[in-house]
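Given the coordinates of chain V, work out where chain S should sit on it, guided by the hints.
These are the residues of each chain, in order.
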Amino acid sequence: QSVLTQPPSVSAAPGQKVTISCSGSSSNIGNNYVSWYQQLPGTAPKLLIYDNNKRPSGIPDRFSGSKSGTSATLGITGLQTGDEADYYCGTWDSSLSASNWVFGGGTKLTVL
Amino acid sequence: QMQLVQSGAEVKKTGSSVKVSCKASGYTFTYRYLHWVRQAPGQALEWMGWITPFNGNTNYAQKFQDRVTITRDRSMSTAYMELSSLRSEDTAMYYCARSDVFGELIYWGQGTLVTVSS
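Residue numbers (the numbering used here), protein chains in the order written: chain V, 1 to 112; chain S, 1001 to 1118.
Rather than coming from a laboratory, the hints here were simulated on the basis of the structure.
Bear in mind that the values here come from a model prediction, so they are computed numbers and not experimental data.
Be aware that one or more of the hints could be misleading.
[As the list claims (entries may be wrong)] Computed spacing ranges between beta-carbons, pair by pair:
| id | chain 1 | residue 1 | chain 2 | residue 2 | range |
| --- | --- | --- | --- | --- | --- |
| 1 | S | S1075 | V | Q1 | 35 to 43 angstroms |
| 2 | S | K1019 | V | S21 | 37 to 45 angstroms |
| 3 | S | T1071 | V | G15 | 45 to 53 angstroms |
| 4 | V | D61 | S | Q1062 | 21 to 29 angstroms |
| 5 | S | G1042 | V | T81 | 15 to 23 angstroms |
| 6 | V | G75 | S | Y1031 | 26 to 34 angstroms |
| 7 | V | N31 | S | A1040 | 26 to 34 angstroms |
| 8 | V | A13 | S | M1076 | 43 to 51 angstroms |
| 9 | V | L112 | S | S1075 | 48 to 56 angstroms |
| 10 | V | G69 | S | Y1027 | 33 to 41 angstroms |
| 11 | V | S97 | S | T1071 | 35 to 43 angstroms |
[To be verified] To list a few chain V residues with every Cβ distance to chain S over 12 angstroms, as calculated:
| id | residue |
| --- | --- |
| 12 | P8 |
| 13 | P14 |
| 14 | Q16 |
| 15 | S23 |
| 16 | S27 |
| 17 | A44 |
| 18 | G75 |
| 19 | G90 |
| 20 | T91 |
[What the hints assert, rightly or not] Not everything, but these chain S residues come out facing chain V in the computed CB check (under 7 angstroms):
| id | residue |
| --- | --- |
| 21 | P1041 |
| 22 | A1044 |
| 23 | Y1095 |
| 24 | F1102 |
| 25 | I1106 |
All C-beta atoms, glycine included, are put in the ideal place defined by N, C-alpha and C.
The shape of chain V in the complex, shown without the other chains (with noise of 0.2 angstroms):
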């Protein structure tokens, strides 16, 4: 299993808002940045988000994240059909000696 713990699922119908939480420890979530990619069907993973809530260029402000002590959240409001895809969190882990990269173990988007 992942080390950051996602819902397998979240569904919400066209324009309204949905939230996806990833949750993890002070080796990882609690002491350093948070990063969100958005994986739609057949394509390679896209930065949605990083240092917990800022947004790349081109990426639109109805996508927004947030971090408190050992968790983290995505937030998405004015659901579309495009936005149908997998979602997945990830950071730093410094539990070893050196730093691993660590991913949640995604969360499927429905748009109902």
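Relative to chain V, chain S alone:
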């Protein structure tokens, strides 16, 4: 613009090795970590390891420690991931990805499908 271009799909026999390349362009190759991430069919992203192109330092996920080797050729701006003792469970899409200031994986290669069969 910044690009990571990976080598083409591979079909390998059980027990053999595979070497996937990742050619970088549009930025200074030695600037940031390069990671390798894999994704088995229908499964989550799985981090395999990173390399610092500047000096070749590496760090591998414990799961792959004894089977993976990540190298780079600075003159070619290319990183390589070699996985040995292949088994059917290694059938997956393999991605390279470049990190940025806060560690986020900002640029991704297009992926290389590795199929392992007997």
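How does the Cβ-Cβ distance of S97 (chain V) and T1071 (chain S) compare with 35 to 43 angstroms: does it lie in that range? 21 angstroms, violated
Should the label of S27 (chain V) as a non-interface residue stand, given a Cβ cut-off of 12 angstroms to chain S? Correct as stated: the minimum Cβ-Cβ distance to chain S is 14 angstroms, above 12 angstroms.
With d taken as the least Cβ-Cβ distance between P8 (chain V) and chain S, does d exceed 12 angstroms? 10 angstroms, violated
So is G90 (chain V) really clear of chain S, every C-beta pair being over 12 angstroms apart? It is violated; G90 (chain V) is separated from chain S by about 7 angstroms at its closest Cβ, not greater than 12 angstroms.
Nearest-CB test (12 angstroms) between chain S and S23 (chain V): 15 angstroms, holds
Range agreement (Cβ of G15 (chain V) with Cβ of T1071 (chain S), hint 45 to 53 angstroms): Distance hint for T1071 (chain S), G15 (chain V) holds at roughly 49 angstroms.
Residue hint A1044 (chain S), partner chain V, criterion CB-CB below 7 angstroms: 4 angstroms, holds
Taking the Cβ atom of G69 (chain V) and the Cβ atom of Y1027 (chain S), is their distance within the range 33 to 41 angstroms? Given a distance of about 34 angstroms, which is inside 33 to 41 angstroms, the answer is holds.
Assertion that T91 (chain V) lies outside the chain S interface [Cβ separation over 12 angstroms]: Non-interface label fails for T91 (chain V): nearest chain S Cβ at 7 angstroms, not farther than 12 angstroms.
Is it the case that A44 (chain V) keeps its Cβ farther than 12 angstroms from each residue Cβ in chain S? 4 angstroms, violated
Mind checking the CB of F1102 (chain S) against every CB in chain V and telling me if the closest is under 7 angstroms? 4 angstroms, holds
Look at the Cβ atoms of G1042 (chain S) and T81 (chain V) and judge whether their distance stays inside 15 to 23 angstroms. 22 angstroms, holds
Consistency note: the structure conflicts with the earlier hints numbered 4, 11, 12, 17, 19, 20, 21.
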